[in-house]
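Q: Listed in order, the protein sequences are those of chains A and B. Under our numbering, the first sequence has 295 at position 295, and the numbering climbs by one with no breaks. Under our numbering, the second sequence has 228 at position 228, and the numbering climbs by one with no breaks.
Just so you know, these hints were derived from the structure itself, not from any lab. From the three backbone atoms N, C-alpha and C, an ideal C-beta is built for every residue, glycine too. Careful: at least some of the hints might be erroneous.
[To be verified] Just so you have them, the derived chain B footprint on chain A, three or more residues with Cβ under 8 angstroms:
#, segment
1, 152–163
2, 196–205
3, 221–235
4, 446–459
5, 594–604
6, 615–625
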Amino acid sequence: MPTGPLAGAWQRCRQDLPLISAAQKRQLRVLVVGSGLAGASAAASLAEQGYKVSLITYHDSPRRAHSVAAQGGINAAKNYANDGDSVSRLFRDTVKGGDFRAREAGCFRLAELSTAIIDQCVAQGVPFAREYGGTLANRSFGGTLVSRTFYARGQTGQQLLYGAVQAMLRQVEAGRIDLLPRRDLVELVLVDGVARGVVCRHLVSGELETYTANAVVLASGGYANVYYLSTNAVKSNVSALWRAYRKGADFANPCFTQIHPTCIPSGDAYQSKLTLMSESLRNDGRVWLPARPGDGREPQAIPEHERDYFLERQYPTYGNMVPRDLASRRSREQCLAGHGVGPRGRSVYLDLSDAIARDGKAAIEARYGNLLEMYERITGQDPLVTPLRIYPAPHYTMGGLWVDYHLMSTVPGLFVLGEANFSEHGANRLGASALMQGLADGYFIAPATITAWLAGQPQPEVGPDHPACRQARAEAGARITALLAPRGGPWPPRPVAGWHRQLGQLMIEACGISRHGPRLEQAIADVEDLRQAFAEEGGVADLGACHESAVAGAGRGINSELEKALRLQDYFGLADLMLRDALARQESCGAHFRQEYQTAAGEAQRDDARFGHIAAWQWRPQGAPQRQVEPLQFNEITASQRDYR
Amino acid sequence: MSPTLSLTLRIWRQQQPGAPGGFETHRLEQVSADLSLLEALDWLNERLIAAGERPVTFEHDCREGICGSCGFLINGQAHGPQEATSVCQLYLRRFRDGEVLVLEPWRARAFPLLQDLSVDRSALDRVWAAGGYCSVNTGQAPEANTLLVGREQAASAFDTASCIGCGACVASCRNASASLFVAAKLAHLGQLPQGQSERQRRALAMTERMAAEGFGSCSNQLECEAVCPKQISADWISWMNRELRR
């Protein structure tokens, strides 16, 4: 951690970091896992400095990483709106938004770097929205009083990602980046305790491959798919993080997961994901439910006096615009009390009719056109006629691998960037801050700190035939062989998705919007039962074996079930850790709400004295994981309780 | 309860490149009309797996129409019958009860088949890498507002930049041309001041690479525009041709 005043701390830290000559950089290789905003921007920036880079992604093209789906925008303290914004204000909003569970130094650095990110993206040709005069346009976003969000229609993530991927492809063309698509990380390689490579499974050939490097970067995203249904891409997974955790990288605050209030709810059992609807809709939509439980009438048939606008009722000041966690929690409560609508009573109405009456249909269409079309495509209902049905869904994971100020994990030489690390969002992430953090990590922080790490480190030669690599490959191979049926269990094996749905159901009920001690304890036992059942009965058909053209001993080709099974094994471990973390954190803060710890008014009750810390979990080969704490100190801002009533 | 329907799927099955392939027929009986077509394939695959058979391989990931992973032909149409929609956003209620859907992979020389409905589209990335960027290193950027870009100009650049790289334009073109893909990238950067200094070089490099990767030439059939899930206009191909003569 830096010492001295927060302002300029990162700059001072950078000035003292050791450097490496250009000639020496050409001899060093950095391996990056993940091609989203953090991974692509880090790979490009490191290659520009002269390093050799290997980039691994499970996608067929780096452009498909799930950063592409971010809708809203990216924050930066440019103060272009002249509304009093500043680095210090963005810093304070981030710390407060995270409910005082993030480090001040990290948040301040993020706010400082925010402006350079916008400059970089503009120079790359990212087509941000503009004013008529040609300057960059801004809008305001959930919970802040200033206008500091830069955007490219509803596709900001896509455009920022393409900017980073283009910078990366330029280095691919220059021969400095080896692009290694269609590979899943299945093991991390440590040599003398230092991260030096990975074992991957090639998703087409099925072969296990080993890649070595002088440093390893994980930028593999979040783990909301532990809930099975989430707003994440269906193949987003925790495996890279979980493999690193089992090799000694501590996992911080795993129970801090954000549930987004405005998503299209689930209907059919075979629904594969929950689609996010930008929360900007809450600007004009009124959330309501029938006042009478079990009221099965169509929404239009329910007269005004039989409707309960429960957010407006409970939060007269903020109304429908309360923060994400409150909107999610109150919606869930109403549904549990029997007021919910739609399939299984698991959704609430978001009604645009008052806004249409006030501003006219055309104005609402112009404001939300794309969103409304998307809703109609998915549900088949016109939201200008029938109120939208929405429900909260797992969206973003604030927890992740623990990193120091240099973004290095507790495994030396292993750096963790973007959503994959736990860093700056505390217990709750603010809207439009994820893109900012991914790019700050990738463009600016990691390229500086990785150089510093490599400068001070002896680099013994490690190739794919190193004993550590051979061992990691053997371990991964054994895990795959064990999954490939036939074994003692039933044949053919149950589809992996069925197991994952069961795990997701357990997790969303016990460790979702609202958590309760006894329930969490029960869920730990249930997850363990399910994990054991899968270990005994679960498995995957060996698709190569039943085909004569498959070469004996080769990887046996494409096997999407095997991909799912390997990921599910890691989710079982993660689920257990999340439940333990949620149980141990005997307070409510941000997105983590424990029913036992609430104020008389039903709001989250933080306990700074006992839990003003980061919880970092250490894996143990035998027995329960070890919980360690990193105390948090707030010198710039005083910790306060939120109030939106 | 949501309405249900029954469909017949005739799906192209092929274990690997060079292996014999053919259509396999599957009935979906009384499935929810609220499922997407990809979810219906998930449903089918779970049944195949439970019967000890090989599931149908198809590309997918975000399932909200933005990652560009998914895509195959439905009754000969790339991404199926719905305008401005990638196949993951196509819902069964769009089809009639009893309808027969023929599902085939993208067919183009530059997109070698991997398995069933999945093809290798990495040629598009190699074309992109030939010059589809502004050559600026991290840390070299000037203050963002020193560069003014008109509102309409920025919006037009955005329209072309919204290409998701799905390959539908190639798959629907009788020449398997990637002209719309290339033109969209050239127009994105060529309309912005940041892209000016490399404009000519970029256009030459990307079009040459397109030919080298085995994509054909444009003969103005405009199928690409009709199937593009992001509705990128084929006018940009004319724009590209002018660009090459600059």
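Q: The segment 196–205 of chain A covered by chain B? Criterion: 3 or more residues, Cβ-Cβ distance below 8 angstroms.
A: That given contact is violated, which follows from only 1 residues of the segment 196–205 of chain A lying within Cβ reach (below 8 angstroms) of chain B.
Q: Would you check chain B against the segment 221–235 of chain A, counting CB to CB pairs closer than 8 angstroms, and say if three or more residues qualify?
A: holds (count 3)
Q: Quick one: see if chain B covers the segment 446–459 of chain A, three-plus residues with Cβ-Cβ under 8 angstroms.
A: violated (count 1)
Q: If you count the residues of the segment 594–604 of chain A with a beta-carbon closer than 8 angstroms to a beta-carbon of chain B, do you get 3 or more?
A: violated (count 0)
Q: Would you say the segment 152–163 of chain A counts as covered by chain B, given the rule of at least 3 residues with C-beta under 8 angstroms?
A: holds (count 6)
Q: Against chain B, does the segment 615–625 of chain A show at least 3 residues with beta-carbon separation below 8 angstroms?
A: Violated - the segment 615–625 of chain A has 0 residues with a Cβ nearer than 8 angstroms to chain B, which falls short of three.
Hint check: violations occur at hints 2, 4, 5 and 6; the rest are consistent with the structure.
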